[in-house]
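Undergrad: Residues per chain are reported as follows:
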Amino acid sequence: MSTIIEIISAEFNYWIYVTLMMIGFYAMIAKKNLVKKVIGANIFQTAIFLFYISLAEVEGGTAPILLHGHDGADVAHGAVNEVIYVNPLPHVLILTAIVVAVSTTAVALALIIKIYQEYGSLEEDVILAYRRQLQPEFSEHARQKQEEEQ
Amino acid sequence: MTGFDLITDHLPVLTVVIPLMAGFLTPMIGWIDRRLCWYWVMLTMFAVLLMTSSNLYTVITSGTIHYHLGGWTPPIGIEYVIDLLNGFVCLIIAFIGLMVGIYSIESIKKELPNKIIPFYSIFLLLITGLMGMTITGDIFNFYVFLEISSLTAYALIAMGDRGDGVVASFNYLIMGTVAASFILLGIGYLYAVTGSLNIADMQGLLPGIYDSRVVLAALAFFMVGFSIKVGLFPLHAWLPDAYTHAPSAASALIAGLMTKVGAYAMIRFMFSVFTPAFVIDITRMAEILTWAAALAIIVGSVLAIAQSDIKRMLAYSSISQIGYILLGVGLVNVIGMQGGLLHILNHSLMKCALFLVAGAIFYRTGIRNLHQFQGLGKKMPVTTTVFLIAGLSMIGVPGTVGFTSKWYLALGSIEAGQWIFVIVILISSLLNIVYFWRVFDNIWFGHPHEVEHIKRDEAPLSMLIPMVILALLCIFFGLFAYYPLHYVLEPLSNALLGIGVLP
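Here the protein sequences come in this chain order: A and B.
Per the numbering used here: the first sequence ends with 150, consecutive numbering throughout.
Per the numbering used here: the second sequence ends with 503, consecutive numbering throughout.
Hints in this document: simulated from the structure, not taken from any laboratory.
One or more hints might be untrue.
Stated by the list, open to error - Below, a list of computed lysine-lysine pairs in the DSS-like style, where the Cα atoms sit at most 30 angstroms apart:
# : chain 1 : residue 1 : chain 2 : residue 2
1 : A       : K114      : A       : K32
2 : B       : K378      : B       : K455
3 : A       : K31       : A       : K114
4 : A       : K114      : B       : K379
5 : B       : K378      : B       : K115
6 : B       : K110      : A       : K114
7 : A       : K36       : A       : K114
8 : B       : K379      : B       : K455
9 : B       : K455      : A       : K114
As the list claims (entries may be wrong) - Some chain B residues well away from chain A (every beta-carbon gap over 10 angstroms; in silico):
#  : residue
10 : D9
11 : I29
12 : V144
13 : Y363
14 : Y487
We treat Cβ as the ideally placed atom computed from N, Cα and C, and that holds for glycine.
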């Protein structure tokens with residue numbers, strides 16, 4: 001038992017990211033409400049961001065900022081090697097990925113508004129039932145029903 | 001020094017930057033006069049076509065182009081690499097983009113009269129995304145362009161049929177987000193073990209750590225992500241709705257390009273980020289891919305038979321055609337690979353032509369149900385002849401492009417000792433005849449008493465020109481498949497499989 005806890009606590013950041021990712025993934029698949037799906041997508045993406053950020057962490061590292069400017073005396077005499085920095089590259093990548101995630105969410109919410117205007121509901125099954133009723137040619141079920149009525 | 005000399009060094013990046021800038025300038029052009037938008041798009045696409053042709057010519061004559069963005073040397077800076085593979089795919093993107101652009105003027109005027117300006121703006125941004133995906137040599141840059149192309153595709157699909165377009169687009173968005181997130185995660189895993197994002201650099205660093213589970217997980221994430229993007233069979237759920245409900249011009253563009261660029265990305269990641277040895281021997285990913293592809297070929301064709309909406313039928317047939325491309329890639333021998341790569345070109349031409357025809361018929365008659373196509377052969381002779389040529393090419397009749405790639409795929413399967421795939425290709429061709437013959441039958445052999453009163457009412461010239469060009473190219477490459485095969489695909493297949501190196 002104690003070994004399992006050790007395994008988890010040694011790399012708890014990865015466990016947290018995987019758990020969050022699965023929560024988001026579950027919400028995207030299982031939730032019937034479209035807004036909840038988008039929230040699930042956001043949790044999913046945020047979990048990946050956390051993974052990247054925890055990747056950048058260096059123990060005892062500080063912010064990767066060059067102090068005293070480019071011509072500073074400390075830099076010139078190799079003092080820069082004595083400071084441990086965290087890796088800035090994943091931070092930059094995630095900054096880009098956050099922008100992408102925000103635009104995806106914006107597009108998704110815009111689509112949700114249009115869907116609501118069209119169908120008056122955000123529940124997936126209500127929309128599906130309404131579509132079947134509208135367009136028999138796209139649904140075998142509706143076509144059979146129509147034929148029975150005739 | 002002339003002006004042209006100044007830009008020749010920067011052609012690789014200009015193929016991405018010019019449509020991007022033009023896309024953002026389109027609203028301003030449209031603000032002056034919305035009719036100018038089309039001319040603007042034509043100008044841009046023509047320039048992009050010239051640049052991509054020049055790039056491919058340079059690659060064939062003098063080898064791979066490396067372009068360092070901002071002068072930063074890789075692996076630290078972003079690098080754009082054009083070799084035969086992406087030079088070839090870029091040319092397809094530019095050409096299909098131009099053809100759909102010519103076609104769109106009348107089609108958009110009728111289908112989206114109030115959205116002409118946003119349509120053209122997004123059209124150019126989609127081209128930017130696809131170009132960037134193919135041309136870049138940096139995998140994070142690749143992810144950003146992937147999202148650009150996906151977001152613009154969602155917007156184009158949402159402009160389609162009232163009510164259905166938005167739902168199809170939303171489903172695609174959810175699936176596409178999962179796919180892109182998986183790819184982002186795979187990139188993160190590879191970055192964690194190699195510390196690099198440059199494709200060429202990574203290919204050198206990875207072989208030492210192929211037994212690492214992180215690399216295996218990264219490969220799995222990439223394959224699942226790209227399988228969703230290309231619509232490989234069990235993950236195809238977004239594709240039929242998206243293709244059916246998008247505006248005609250957007251359907252042709254997305255069907256012709258999106259999945260093909262996805263297939264390109266899959267090839268690039270399998271053979272350039274990882275090495276052939278890894279995907280063939282260590283993980284057996286290539287073998288898994290062939291079986292998934294064979295399943296997609298059969299199931300896609302069978303589902304296509306069950307459809308009555310012409311665009312939905314073509315969408316399901318796309319699923320089976322993607323299977324052909326991936327089958328050829330998965331066979332991992334030179335002949336099969338050539339067949340698969342040639343099918344990228346062929347399928348773009350054929351499927352684009354077929355969707356353009358479906359759009360032209362919808363433009364003139366408002367019909368999409370193929371059981372109501374009676375007498376169209378008399379009403380729209382040119383359009384339906386294009387449909388016949390492209391349809392025969394999909395079936396794989398000798399003399400058309402479809403035959404050449406199927407022939408190579410069959411030879412490749414025999415060489416790999418997998419006779420079962422020859423049978424799969426044959427069965428699928430028979431199924432193709434079944435679902436295309438229903439359409440041919442309705443178009444030309446409708447009831448005569450209905451046909452007598454039909455007057456000739458052809459689609460406008462701007463729609464006919466791109467369709468006829470695509471149909472002629474279907475025949476041209478069917479008869480002269482030697483050119484793409486000899487100059488591009490043969491050295492390329494050798495290089496991808498690690499048998500020879502690129503010039």
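Undergrad: Indicate, hint by hint, whether the structure satisfies it.
TA: Hints, verified against the model:
| no. | hint | result |
| --- | --- | --- |
| 1 | A:K114 / A:K32 | 17 angstroms, holds |
| 2 | B:K378 / B:K455 | 7 angstroms, holds |
| 3 | A:K31 / A:K114 | 20 angstroms, holds |
| 4 | A:K114 / B:K379 | 37 angstroms, violated |
| 5 | B:K378 / B:K115 | 33 angstroms, violated |
| 6 | B:K110 / A:K114 | 21 angstroms, holds |
| 7 | A:K36 / A:K114 | 16 angstroms, holds |
| 8 | B:K379 / B:K455 | 6 angstroms, holds |
| 9 | B:K455 / A:K114 | 40 angstroms, violated |
| 10 | D9 | 27 angstroms, holds |
| 11 | I29 | 23 angstroms, holds |
| 12 | V144 | 6 angstroms, violated |
| 13 | Y363 | 19 angstroms, holds |
| 14 | Y487 | 37 angstroms, holds |
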